[in-house]
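**Q** What follows is each chain in one-letter form.
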Amino acid sequence: MPEARADTLAVEVTDLVRAFGARKALDGVSLELPQGAFLSIFGPNGAGKTTLLRVLTTLANPSKGTAKVAGFDVVADAVELRDRIGLISHNPLLYPDLSAEENLLFFSEMYGVDDPAARVHELLTAVELDHRRLDLVRTFSRGMLQRLSIARALLHRPEVLFLDEPYSGLDPHAADILDQLIASVRAQHTFVMVSHDLTKGLELCSHALILAKGKVVLFDSRDNIDADEFARTYRSTVGMGVA
Amino acid sequence: MAKAPARVSSWRQFKAILKKDIVMELRTKEMLTSMTLYTLLTLVIYQIALSQSGSGFDIRLIAAGLVWLAFVFTSMLGLNRSLVHEKDQGCLEALLLSPVDRPVIFFAKAIGNLIFLMIVEVLTVPIFAVAFMSGRPIAGPFWMIALSAVVGSIGIAGVGTFLATMAVNARGGSFILSVLFIPLMYPALLAAVAGTSAVVLGGDGYQAAFWQSVGMGAGIDAIMLLAVFALYEFVVGA
Amino acid sequence: MAVDRNRLTFLAVAVGAVLTTVAFVMAFVFAAPVLANNTLTTGGGAMIGGQLIANPVLFSQKIFYFHVPVAITSFVVFFFTAFYGARFLMTKDKRYDTKARIATEVTLLFVGLTMITGDIWTRYEWGTWWVWEPRLTTYFIMMMLVIVYFVLRASIEDEERRAVYASAFGILAFLDAPLSFAITRIVPSGAHPVVLRAGGGLDAIQLSGFIIGLVGMLCLGYAVYQMRIREETVKERLEALKASLEG
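Residue numbers (the numbering used here), protein chains in the order written: chain A, 1 to 243; chain B, 1 to 238; chain C, 1 to 247.
If we strip away everything but chain A, and leave its shape as in the complex, we get:
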């Protein structure tokens, strides 16, 4: 597979609707994100942030409209797309009764990574968990789980990384390590992050999106955003959001 052309958008969503019966989780969302960008998605509970993430990661299908990630349609090209995306969630997505190394080797097999042993070693070193590679994941702290989770997400060198509230539950030290890891791979990936942390989200992003009730309230690049005004808009949507 040739790598994505430089002008392919990382994320391209057109009039996306996800509904069941009368209830709409997403109601006509459209956005375009260039490669190498970092999108922070904000919004109140029930706004549709997680749903949007699930559609973009092929875990849920659109009811209407289209969504493309890295040039691949989330429905028609789902299998090829899965090879190019990674997800870091607040769930570690790791098997507690396997060791760190076994977990990564397993996912290497699922993604068909070449020379898995070397790649696993490389990543374990990068997240500073090589010394714990034989330990069962159930013995890991929250911060360690998150680091290992990042290693898992990066195994197959995805083009787009999705993060679903990755900082939640992390102590400051673990959050710092997460910052460093994201910074170290920032250049090679496009990021899409859902966050409740306004400051953090704005700090990291190149583009920002506010969702409420399944609709886009605001979508713009970071340069055009004034932090205070953004905060005000955000707070007003949280006020009107369905909890």
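Just so you know, the hints here were simulated from the structure itself, not pulled from any lab data. Bear in mind that the values here come from a model prediction, so they are computed numbers and not experimental data. Quick reminder that beta carbons are idealized off the backbone N, C-alpha and C, glycines included. Check the hints yourself; a few may be wrong.
Below, in silico cross-link-like pairs of lysine-lysine (DSS-like), each with a Cα-Cα straight-line distance of 25 angstroms or less [stated by the list, open to error]:
hint	chain 1	residue 1	chain 2	residue 2
1	C	K242	C	K94
2	B	K29	B	K87
3	A	K215	C	K92
4	A	K64	C	K94
5	C	K242	A	K64
6	C	K92	A	K213
7	C	K242	A	K215
8	A	K215	C	K94
9	B	K19	B	K87
10	A	K200	A	K215
11	C	K235	C	K92
12	A	K64	A	K213
13	B	K15	B	K87
14	C	K242	A	K213
15	C	K242	C	K92
16	C	K235	A	K213
17	C	K94	C	K235
18	B	K19	B	K29
19	B	K15	B	K29
20	A	K213	C	K94
21	A	K64	A	K215
22	A	K64	C	K92
Listed next, with one range per pair, are the computed distances between beta-carbon atoms [said to hold, decoys possible]:
hint	chain 1	residue 1	chain 2	residue 2	range
23	A	D73	B	L69	45 to 51 angstroms
24	B	R27	C	E246	49 to 55 angstroms
25	C	T128	B	L69	23 to 29 angstroms
26	C	T128	B	I182	20 to 26 angstroms
27	C	E159	B	L37	36 to 42 angstroms
28	A	E203	B	R27	38 to 44 angstroms
29	B	L69	C	R185	18 to 24 angstroms
30	A	T14	C	R185	55 to 61 angstroms
31	A	S141	B	R27	18 to 24 angstroms
Here the structure of chain A is known, so what remains is to put chains B and C in place on it, guided by the hints.
**A** Then chains B and C, alone, in the frame of chain A:
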């Protein structure tokens, strides 16, 4: 960043999932111990139920039914646990995110469940025989019983894995699994008991009855497994 | 379109009621009684309709004029559970799931009637309240499957997932019914012989009474389904209105 050209081989993924399940189970022995214990407890209940039947009672009349009942109860336990592992840390989602065909997940899980079920069966049958059938030998050859067990177990593992995938997302987990499983598996279980019973009891033409039952059991398995295979994609992603 | 459906439903109820009544009358007044195989040993028989009848009259056989149509109707409606379930899985359109659910409700109604009439038959035929003969066993399993369908629905919180699971189970359940029937007939069932009577040797009047009853039941089944669907559609439109007002 260049991507590897070839699609991952399904066989490779299948092996990885199966190996993972076996390694996890061997490490914790959670499923096997609880399933075996459950079977032994079932045998105790049988003893209670049969305690007033007297020494003249020929248990061979109901032996096949009792054994299959034990298999069904214990498989409910095992099937539930096998899926709870996946749901726990969101691992099933991690699997669904990877470029694996959903049927591969199904086969790997079902075969894993089949292996565990058969291990428990291999332990149960001799214990049952020793506990209840001393002095009452079975009429036909043992390989026929083994065949009947295999055919029935394939159905249990296949349909059971499918239903467990749904039950793990339902309130009241293992209750729901039993309640879905028993009516749906009624034909397969009836065929299995009939086949096993024919061998145990013997009599004129028992081979014909055996082959008929096992044949029907295999046919029922085939139909149910085909349906479950087709439906799995919808259910696992929901 | 809605008007036509309404009229059709009304027609179905009317036709169904008329036909089942006709079948009822025919069953008890016109259709020849079916005689048991054993001859009466005492009393030497009685004069019925100008003929000396020596075999006991099987009143219980009359139940078949209702039992079988109701049973067949329940199976026909059950087909729609599976059919709409499959349509839902293909389109993810909530309306199909609603149709499947209503079809299952109607199936439950008719299966319940099947069990009741079947039980009455057993009581008069065998003198016991239940017998594990193939047809009754199959319908018992079917009744369990339909009840379990609703238990499953009640235990899933997410709406779309509930619909997907129910559709899948509905399809499997519908496949299971004929399999149950086949296995109960083939597997040696020990004490209870297979009772094959309905359809064997019915004369013209008996047969027409039976067919009329069957058509009548099917009409009633259709009518009940349509009425429930109407009710559900109205409910869903109300929900949609409420949701959009809150928006």
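**Q** The structure should be examined with respect to each hint, and the outcome stated for every one.
**A** Hint check results:
Distance restraint check for K242 of chain C and K94 of chain C: the Cα-Cα separation of roughly 17 angstroms lies within the 25 angstroms cut-off, and the hinted pair is therefore satisfied. Taken as a hint, the K29 of chain B and K87 of chain B pair is honoured in the structure, with Cα atoms around 19 angstroms apart against an allowance of 25 angstroms. Restraint check for K215 of chain A and K92 of chain C: the C-alpha separation of about 22 angstroms stays at or below 25 angstroms, so the hint holds. Under the criterion of a C-alpha separation no larger than 25 angstroms, the hint pairing K64 of chain A with K94 of chain C is consistent with the structure, at around 14 angstroms.
With a C-alpha separation of about 22 angstroms, the suggested pair K242 of chain C and K64 of chain A falls inside the 25 angstroms cut-off, and the hint holds. Distance restraint check for K92 of chain C and K213 of chain A: the Cα-Cα separation of roughly 22 angstroms lies within the 25 angstroms cut-off, and the hinted pair is therefore satisfied. A distance of roughly 19 angstroms separates the Cα atoms of K242 of chain C and K215 of chain A; the hinted pair therefore holds under the 25 angstroms criterion. The hinted pair formed by K215 of chain A and K94 of chain C meets the criterion: a straight-line CA distance of about 22 angstroms does not exceed 25 angstroms.
Distance check on the hinted pair: K19 of chain B and K87 of chain B sit about 18 angstroms apart at the alpha-carbon level, within 25 angstroms; holds. Of the pairs offered as hints, the one joining K200 of chain A and K215 of chain A holds, with about 23 angstroms between alpha carbons and a cut-off of 25 angstroms not exceeded. Between the alpha carbons of K235 of chain C and K92 of chain C the distance comes to roughly 20 angstroms, so the proposed pair stays at or under 25 angstroms and holds. Proposed proximity of K64 of chain A and K213 of chain A is supported: the alpha carbons are some 17 angstroms apart, at most 25 angstroms.
Taking the CA atoms of K15 of chain B and K87 of chain B, the gap is about 20 angstroms. The hint holds against a cut of 25 angstroms. This hinted pair checks out: K242 of chain C and K213 of chain A have alpha carbons roughly 15 angstroms apart, not beyond 25 angstroms. Note on K242 of chain C and K92 of chain C: the hinted pairing holds, with a Cα-Cα distance of about 22 angstroms set against a maximum of 25 angstroms. Distance hint between K235 of chain C and K213 of chain A is fulfilled; the C-alpha atoms sit about 23 angstroms from each other, no more than 25 angstroms.
At most 25 angstroms may separate the alpha-carbon atoms for a hinted pair to count; K94 of chain C and K235 of chain C meet this at roughly 13 angstroms. For the hint linking K19 of chain B to K29 of chain B, the alpha-carbon distance of about 14 angstroms falls within 25 angstroms, and the restraint holds. Only pairs whose Cα atoms come within 25 angstroms are accepted, and K15 of chain B paired with K29 of chain B is accepted, the gap being roughly 20 angstroms. Distance hint between K213 of chain A and K94 of chain C is fulfilled; the C-alpha atoms sit about 20 angstroms from each other, no more than 25 angstroms.
Only pairs whose Cα atoms come within 25 angstroms are accepted, and K64 of chain A paired with K215 of chain A is accepted, the gap being roughly 14 angstroms. Annotation: proposed proximity of K64 of chain A to K92 of chain C holds, straight-line Cα distance about 11 angstroms (limit 25 angstroms). Range check, D73 of chain A to L69 of chain B: Cβ separation about 50 angstroms, and the 45 to 51 angstroms hint holds. Look at R27 of chain B against E246 of chain C: about 51 angstroms separates their beta carbons, and that is inside 49 to 55 angstroms.
Look at T128 of chain C against L69 of chain B: about 25 angstroms separates their beta carbons, and that is inside 23 to 29 angstroms. A beta carbon spacing of about 24 angstroms between T128 of chain C and I182 of chain B agrees with the range 20 to 26 angstroms that was offered as a hint. Against the hinted window of 36 to 42 angstroms, the Cβ-Cβ separation of E159 of chain C and L37 of chain B comes to about 39 angstroms, which satisfies the hint. Hint check: E203 of chain A to R27 of chain B, Cβ distance near 42 angstroms, so the stated range 38 to 44 angstroms holds.
Restraint check, L69 of chain B to R185 of chain C: a C-beta distance of roughly 23 angstroms satisfies the suggested window 18 to 24 angstroms. For T14 of chain A and R185 of chain C, the Cβ-Cβ distance of about 57 angstroms falls inside the hinted range of 55 to 61 angstroms, so the restraint holds. At roughly 21 angstroms, the beta carbons of S141 of chain A and R27 of chain B sit within the given window of 18 to 24 angstroms.
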